[in-house]
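Chains as they are written, first to last, in my numbering: chain Z, 1 to 492; chain L, 1 to 144; chain R, 1 to 123.
Derived by calculation from the structure, the hints in this document are not laboratory data.
Hints should not be assumed to be uniformly reliable.
Partial selection, computed: residues in chain Z whose CB lies under 8 Å from chain R [as the list claims (entries may be wrong)]: (1) V137; (2) Y147; (3) A151; (4) G155; (5) P158; (6) L165; (7) L472; (8) L476; (9) V478.
Ideal placement from N, C-alpha and C gives every residue a C-beta, glycine not left out.
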Amino acid sequence: MAHLPVLVPVAYLLASFLSVLGGLWRDRLGYGIALGGAAAAALVSLWGLLLVLRQGTVHSFLGGWPPPIGIEYVLDPLAAFLASLVSALGVVALVYARPSVAREAPEKALLFYPVALLLLAGLTGIVVTGDLFNLFVFLEIASLAAYALLATGKGLSPLAAFRYLILGTIGGSFYLLAVGFLYFTTGSLNMADVAERLPPLYESRAVLAAAVFTVVGLGLKMALFPLHLWLPDAYTYAPSAVTGLIAPVMTKVMAYALIRILLGVFGLTYGVEVVPLLPVIGWLAMGGVLVGSVMAIAQTDVRRMLAYSSVAQVALVALGVALANPLGLVGGLLHILNHAFMKGCLFLVAGGVYYRAGVWGVAQYAGLGRRMPWTMGAFTLAALAMIGIPPTAGFFSKWYLVLGGIDAGHWPAVGVVLASTLLTAAYFFRVLEGVYTREPVPEVAAVGGSEPPLGMLVPTWVLGGGVLLLGLGNVLIVGRVLEQVARDLVGG
Amino acid sequence: MLTRHPSPVVTTVARLLAPLIALFALYVVAHGHYSPGGGFQGGVLLAASTLLLRLALGEKDSAPAFPPSLALPMAVTGVLLYTVTGVVPLFLGGGYLDYARLPWPGAPAPLLRYFGILVVEVGVALAVWGTMVAIFDRLARGEG
Amino acid sequence: MGEELLGRYPYFLTALLLVVGLYGMLGKRNLLKKLIGMTVFQTAIFLFFIQGATKQGATLPILDPRWGTDPARYINPLPHVLILTAIVVAVAITGVSFALVLTIYRSHGTLDEEAILEQGRKR
Numbered sequence: 001m002a003h004l005p006v007l008v009p010v011a012y013l014l015a016s017f018l019s020v021l022g023g024l025w026r027d028r029l030g031y032g033i034a035l036g037g038a039a040a041a042a043l044v045s046l047w048g049l050l051l052v053l054r055q056g057t058v059h060s061f062l063g064g065w066p067p068p069i070g071i072e073y074v075l076d077p078l079a080a081f082l083a084s085l086v087s088a089l090g091v092v093a094l095v096y097a098r099p100s101v102a103r104e105a106p107e108k109a110l111l112f113y114p115v116a117l118l119l120l121a122g123l124t125g126i127v128v129t130g131d132l133f134n135l136f137v138f139l140e141i142a143s144l145a146a147y148a149l150l151a152t153g154k155g156l157s158p159l160a161a162f163r164y165l166i167l168g169t170i171g172g173s174f175y176l177l178a179v180g181f182l183y184f185t186t187g188s189l190n191m192a193d194v195a196e197r198l199p200p201l202y203e204s205r206a207v208l209a210a211a212v213f214t215v216v217g218l219g220l221k222m223a224l225f226p227l228h229l230w231l232p233d234a235y236t237y238a239p240s241a242v243t244g245l246i247a248p249v250m251t252k253v254m255a256y257a258l259i260r261i262l263l264g265v266f267g268l269t270y271g272v273e274v275v276p277l278l279p280v281i282g283w284l285a286m287g288g289v290l291v292g293s294v295m296a297i298a299q300t301d302v303r304r305m306l307a308y309s310s311v312a313q314v315a316l317v318a319l320g321v322a323l324a325n326p327l328g329l330v331g332g333l334l335h336i337l338n339h340a341f342m343k344g345c346l347f348l349v350a351g352g353v354y355y356r357a358g359v360w361g362v363a364q365y366a367g368l369g370r371r372m373p374w375t376m377g378a379f380t381l382a383a384l385a386m387i388g389i390p391p392t393a394g395f396f397s398k399w400y401l402v403l404g405g406i407d408a409g410h411w412p413a414v415g416v417v418l419a420s421t422l423l424t425a426a427y428f429f430r431v432l433e434g435v436y437t438r439e440p441v442p443e444v445a446a447v448g449g450s451e452p453p454l455g456m457l458v459p460t461w462v463l464g465g466g467v468l469l470l471g472l473g474n475v476l477i478v479g480r481v482l483e484q485v486a487r488d489l490v491g492g
Numbered sequence: 001m002l003t004r005h006p007s008p009v010v011t012t013v014a015r016l017l018a019p020l021i022a023l024f025a026l027y028v029v030a031h032g033h034y035s036p037g038g039g040f041q042g043g044v045l046l047a048a049s050t051l052l053l054r055l056a057l058g059e060k061d062s063a064p065a066f067p068p069s070l071a072l073p074m075a076v077t078g079v080l081l082y083t084v085t086g087v088v089p090l091f092l093g094g095g096y097l098d099y100a101r102l103p104w105p106g107a108p109a110p111l112l113r114y115f116g117i118l119v120v121e122v123g124v125a126l127a128v129w130g131t132m133v134a135i136f137d138r139l140a141r142g143e144g
Numbered sequence: 001m002g003e004e005l006l007g008r009y010p011y012f013l014t015a016l017l018l019v020v021g022l023y024g025m026l027g028k029r030n031l032l033k034k035l036i037g038m039t040v041f042q043t044a045i046f047l048f049f050i051q052g053a054t055k056q057g058a059t060l061p062i063l064d065p066r067w068g069t070d071p072a073r074y075i076n077p078l079p080h081v082l083i084l085t086a087i088v089v090a091v092a093i094t095g096v097s098f099a100l101v102l103t104i105y106r107s108h109g110t111l112d113e114e115a116i117l118e119q120g121r122k123r
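Kindly generate the complete structure, drawing on both the sequences and the hints.
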């Protein structure tokens with residue numbers, strides 16, 4: 001099926017527009033089409049993954065025009081892996097969204113699902129495209145959908161979304177500038193083509209400008225320290241269904257874009273020998289891990305705590321990339337997968353707690369262990385994974401990162417990964433202690449607080465259980481998929 | 001709620017100009033693939049003609065020319081037109097947006113490509129027109 | 001060195017616009033001023049692309065019977081097409097940002113970033 005790569009974003013686009021039309025006609029029809037479209041896209045992505053693992057990379061040309069003239073879509077193991085991840089999470093988030101949005105932002109329900117589908121279209125488009133400019137278009141589609149979705153909450157939500165819009169637009173525009181420099185020096189927009197033409201031009205200042213703009217631009221989009229300032233506010237004030245959709249996947253897809261361009265187009269030698277880009281990213285990443293984790297400890301609002309934690313996690317992914325060896329990259333990629341499930345589960349739990357108990361504060365989570373055993377069970381599982389306790393998934397990604405650090409002889413990196421484990425334990429145990437050993441605060445006791453509805457509980461446990469399964473099955477994932485990817489990008 | 005402009009000079013000139021702008025817009029759309037112009041530019045011009053009427057005549061009096069409720073469905077239809085034109089070739093053995101494989105009997109490939117892009121440009125124009133008017137209407141009503 | 005700079009003066013003007021736009025976006029407190037800055041910033045990037053597409057002594061990229069299909073005679077149309085798409089993206093961003101500004105104004109009563117944050121923290 002030579003045209004598979006294109007189908008994924010196209011499926012989301014079609015579903016999005018049909019969902020708007022359907023929703024205008026009958027309320028439930030809009031949701032039904034959205035869920036159906038997301039499920040179809042997920043199935044196509046998974047099929048694509050199996051296909052690519054068996055047969056090798058699939059290329060598709062838009063309009064029948066071959067590269068380098070035309071726009072090419074490439075489904076290689078990395079792309080298939082990420083597309084499957086994003087689309088699977090999309091389905092989970094959409095199922096969760098129905099009751100959650102009804103509770104937190106009922107008036108936005110009509111347009112929520114189409115915009116969410118547009119976000120998924122943009123994200124999967126970024127993943128499967130092989131054209132530099134096409135990536136920009138999908139980048140902005142995803143970002144626009146995210147700005148709109150993040151603004152649907154109450155209080156400071158629109159302002160947080162606005163600030164994200166400003167910073168995100170700078171990021172996207174810097175990336176566009178980088179594409180311009182690359183086009184003017186190499187004459188092509190096709191990623192593979194530019195990768196071939198670039199080495200003789202390594203010394204050029206235009207290429208240097210392109211590289212720097214790419215790193216800063218995508219760094220803004222992925223909230224790499226110190227360009228992460230938009231993230232805490234944006235994730236805190238948005239409705240839970242929105243953070244449940246965006247937090248696990250958005251910054252990771254941006255990290256993928258950075259990996260694809262820095263390692264796949266510029267090449268490993270450029271980032272290490274010609275210009276010390278990867279080491280710089282490494283130091284920024286280490287800063288991000290420490291700052292993010294420390295800030296998380298200081299938070300009183302669970303969502304804000306999780307947001308700072310996300311800054312730290314994306315920084316861990318960046319650290320894996322910056323180590324520039326296969327083990328480190330495997331660690332980073334595995335962490336993309338793991339964090340999506342862990343953080344997704346955590347945000348879904350937060351939404352579930354709000355649904356029944358109406359609270360966001362860490363102190364107010366006291367005593368919920370008895371009232372909401374299932375929800376808190378998932379939270380505990382995800383928290384243990386975030387800290388990195390075997391056999392949960394989180395342990396394995398940190399394990400590979402540490403191995404990568406040792407392999408590169410980079411002891412500060414190893415130290416930072418280990419420190420993050422301790423710091424993460426600090427902010428999660430604070431919550432867990434209250435949940436299991438204390439009595440509920442008056443406002444929670446008064447409201448009641450039983451388990452959230454199945455529509456929210458099931459997705460939460462799909463992710464929570466997934467955390468355990470991913471950990472147990474990590475040998476399979478690393479062996480079959482990630483090792484090949486890492487070898488392709490950074491040699492072995 | 002936008003109200004009608006008090007001066008009859010403004011309203012009359014607007015009513016005369018709007019169809020002319022729309023006509024020019026159609027010209028721009030049709031010539032996009034061959035000379036300066038295209039779907040987006042034409043769509044913006046079409047939106048400009050509608051918005052001129054909105055501003056001069058107010059929401060109520062300009063509604064017969066373009067009811068506000070039409071905007072969003074029009075935009076979606078435009079995009080669907082584009083997307084369907086892209087997807088149909090997939091079922092007939094070509095790639096996405098491979099106009100050469102569109103099901104029109106007896107036409108040679110270059111001609112099909114020529115018309116394929118025209119259909120897409122029309123879709124884009126509709127989408128842009130609908131979206132611009134929808135955004136304007138929402139903002140003017142203060143809904144955001 | 002001086003000749004290099006003089007020959008490239010359009011790029012310097014573009015860079016100046018870029019910086020002005022950036023300052024507007026990040027340095028100003030009023031939300032609308034930030035948006036104006038964003039527009040200037042994006043326009044600067046478009047100008048950069050268009051400048052890169054020009055060639056000495058070349059004309060518009062529409063087939064002219066005098067020059068036939070010699071590429072050196074026509075300016076490069078590809079960056080123009082890219083920028084067209086980028087303009088559409090910028091329009092969409094502007095649309096969304098206006099909707100956001102409207103929502104913010106209706107719930108906070110001001111367009112000053114600092115004032116809004118004050119309100120939010122107090123609640």
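Against the structure, the hints come out as follows:
1. V137: 6 Å, holds
2. Y147: Y147/Z check passes; min Cβ-Cβ to chain R is 6 Å, inside 8 Å.
3. A151: Result: holds, 6 Å to nearest chain R Cβ.
4. G155: Hint holds; G155/Z Cβ to chain R Cβ min 6 Å, cut 8 Å.
5. P158: Holds. Min distance 4 Å.
6. L165: 6 Å, holds
7. L472: 43 Å, violated
8. L476: 40 Å, violated
9. V478: 37 Å, violated
Violation of the numbered hints given earlier is confined to hints 7, 8 and 9; the remaining hints are satisfied by the structure.
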